[in-house]
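**Q** Here are the chains, one letter per residue:
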Amino acid sequence: MKKPARIFSEVIKHLFKKPATSGYPFTPATPMKDFRGRIDFDSAKCIGCQICVRVCPAKAIEIPLSEVQPPAPAQVEGQPPVAAKKKFDCIMKLGNCVYCWQCAESCPKQALITTQDFELASVDRKQLRRHYK
Amino acid sequence: MSKITIPFGPQHVALKEPENFMLVLEGEQIQGATVNLGYNHRGMEKAAEERTYLQDLYLIERVCGICSHSHTTCYITNVEELAKAETPKRALAIRTLVAELERVHSHLLWLGVAGYEMGFETLFMYTWRDREQVLDCLELLSGNRVHYSINTIGGVRRDISAEQKTEVMKRIDYLVERTNYYIKLATEEPTIYARTSKVGMLPPEEALRRNAVGPTARASGIARDVRKDDPYLIYNELDFKVITHNTNDVFGRLVVRALELVESYKIIKQVLNNLPEGPIAVKVPMRIAPGEAVNHYEAPRGEDIHYLKSNGTDKPERLKVRAPTLANLQSVQYMLEGGWMADVPLVIAAIDPCMSCTDRAVVWDPKKGKKQTYGWEELRKMAIERYKRRGVDFSRLG
Ligand code: SF4
Ligand code: SF4
Chain S
1 MKKPARIFSE
11 VIKHLFKKPA
21 TSGYPFTPAT
31 PMKDFRGRID
41 FDSAKCIGCQ
51 ICVRVCPAKA
61 IEIPLSEVQP
71 PAPAQVEGQP
81 PVAAKKKFDC
91 IMKLGNCVYC
101 WQCAESCPKQ
111 ALITTQDFEL
121 ASVDRKQLRR
131 HYK
Chain A
134 MSKITIPFGP
144 QHVALKEPEN
154 FMLVLEGEQI
164 QGATVNLGYN
174 HRGMEKAAEE
184 RTYLQDLYLI
194 ERVCGICSHS
204 HTTCYITNVE
214 ELAKAETPKR
224 ALAIRTLVAE
234 LERVHSHLLW
244 LGVAGYEMGF
254 ETLFMYTWRD
264 REQVLDCLEL
274 LSGNRVHYSI
284 NTIGGVRRDI
294 SAEQKTEVMK
304 RIDYLVERTN
314 YYIKLATEEP
324 TIYARTSKVG
334 MLPPEEALRR
344 NAVGPTARAS
354 GIARDVRKDD
364 PYLIYNELDF
374 KVITHNTNDV
384 FGRLVVRALE
394 LVESYKIIKQ
404 VLNNLPEGPI
414 AVKVPMRIAP
424 GEAVNHYEAP
434 RGEDIHYLKS
444 NGTDKPERLK
454 VRAPTLANLQ
464 SVQYMLEGGW
474 MADVPLVIAA
484 IDPCMSCTDR
494 AVVWDPKKGK
504 KQTYGWEELR
514 KMAIERYKRR
524 GVDFSRLG
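Going down the list, the protein sequences come from chains S and A. No gaps in the numbering here: position 38 of the first sequence is 38 in my numbering, and each next residue is one more. For any residue, its number in my numbering is found by taking its place in the second sequence, counting from 1, and adding 133.
For the record, the hints were derived by calculation from the structure and aren't laboratory data. Do not rely on the hints blindly, as some may be mistaken.
What the hints assert, rightly or not - List time: in silico DSS-like cross-link candidates among lysine-lysine, alpha-carbon distance up to 25 angstroms:
no., chain 1, residue 1, chain 2, residue 2
1, S, Lys93, A, Lys179
2, S, Lys13, A, Lys317
3, S, Lys3, A, Lys317
4, A, Lys416, S, Lys59
5, S, Lys17, A, Lys303
6, S, Lys17, A, Lys331
7, A, Lys402, S, Lys33
8, A, Lys416, A, Lys222
9, A, Lys453, S, Lys13
10, S, Lys33, A, Lys303
11, S, Lys59, A, Lys453
12, S, Lys59, A, Lys331
13, A, Lys448, S, Lys59
14, S, Lys3, A, Lys222
Generate coordinates for the entire structure from the input sequences, incorporating the hints supplied.
**A** This is the structure in structure tokens:
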């Protein structure tokens, strides 16, 4: 029953195998499809409903009004004037975000775009606050 | 011989998390041990009261990095019970699948840590390499290796496709083969046996008296498993055995966990082959009707209990988590007494500890550079004042 050094043959076998570890960061690492990474923003789709801000568990996202607003479309003869569509920015605090994608899932307009970006660490705080316009 | 008391932790190379064990030694032998908790308190239960049920899901997930799915599933079962939601069958099956994958990853992790603590680092390297396979499965199914976030109120967030199924099956087949090798190794290699046998003894009566849970109890011959005793999710439809062992020592705990891996593979295959058709989630309103619920769940480390009280708003009124480690720490004290100093790391690691609890807090104000420690009395005073500002007076409560 007792076999001393039972692992010995396994160890010898492994001498002739490739290393199990990957060479990252020297060889790029590819996460799985649909790995939850950084959230991107498409201002053209956003209607400023703030749902994403309300569902975010980490208070990582803000949707302020853009500084520069698009002009109202020219009034068509005989029709009431159309109000300009408001434009919104997105401030993403990468250091707060827990990458749960709940915001993207709750957004009614698919204005938040999911990506597989994961190399987001930085020693500069400013880098952790992304302002998407 | 005179007795000396030495502190083991909160900062100690053998402990992965800050916790303190006061050991009374007579020579090399331990005469008494006290466990002191509270170094890892994060105020999560309180924080949960300030967030919505949906946000809490991501908070509760972070109670533990290894049983993240256990905590959310237990919490969400409470929420769904209070909301009277009919969770679809397919969602329950997917939850079960992730739960078992989590058990596999946790037990493989433990096997590695145990190898490391007994000085068998080759085992540590091999098991952790193989553990990558199950982490890949979890990443494939949920989008993250550790915090899967697969649960959502009323179901799960992601479905399983046919390709994902084949991919997971492939990896599980590899793991079955490897695990069989580890089981042989653990039972035949004399060094493992010599290092773990008769170490950290916990006789069945003592395990019962101290309310041991999970593999710690099962290694003392107590067939206690929530999956069998009070089936939740779809466990009542699955075929698996409750593994017990009767050596009452660290060796028994090793064997129980290794054999449980095999049962988990069996469950994973059954679930994948019989995935019920249908939707994966139902809509649940944000506000939950007032009520109370308690549920338990067999986490990899043992029985996890959650209590939830709702008050009709979108935020819980009270959440209480009883993690399995808290139940098992009572037994650690017993296991350490009479043992040897050199066995301490191994005995503590054998319950697969995962700490979080409370007694006091330190507040550091970086602007003023001031540090202040608050005791129980002061914290209580501050809490009463805080609630007074909100219009509730607790000062008359004892
Ligand atoms: S991914 Fe989650 S944490 Fe990050 S911004 Fe979206 S909701 Fe907030
Ligand atoms: S990103 Fe989506 S959820 Fe957030 S404010 Fe814009 S439209 Fe609403």
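**Q** Against each hint, give a clear statement of whether it holds in the structure.
**A** Results for each hint:
1. Lys93/S <-> Lys179/A: holds (24 angstroms)
2. Lys13/S <-> Lys317/A: Holds, because 17 angstroms separates the two Cα atoms, which is no more than 25 angstroms.
3. Lys3/S <-> Lys317/A: Given pair Lys3/S, Lys317/A holds - Cα atoms ~10 angstroms apart, limit 25 angstroms.
4. Lys416/A <-> Lys59/S: holds (24 angstroms)
5. Lys17/S <-> Lys303/A: Status holds; Cα separation ~20 angstroms.
6. Lys17/S <-> Lys331/A: violated (37 angstroms)
7. Lys402/A <-> Lys33/S: Since the Cα atoms of Lys402/A and Lys33/S sit roughly 23 angstroms apart, the hinted pair holds (cutoff 25 angstroms).
8. Lys416/A <-> Lys222/A: holds (15 angstroms)
9. Lys453/A <-> Lys13/S: Violated, at roughly 50 angstroms.
10. Lys33/S <-> Lys303/A: holds (18 angstroms)
11. Lys59/S <-> Lys453/A: With a Cα-Cα distance of about 24 angstroms, the restraint between Lys59/S and Lys453/A holds, given a limit of 25 angstroms.
12. Lys59/S <-> Lys331/A: Distance of about 51 angstroms is beyond 25 angstroms: violated.
13. Lys448/A <-> Lys59/S: holds (16 angstroms)
14. Lys3/S <-> Lys222/A: violated (47 angstroms)
When the structure is compared with the earlier hints, violations turn up for hints 6, 9, 12 and 14 and for no others.
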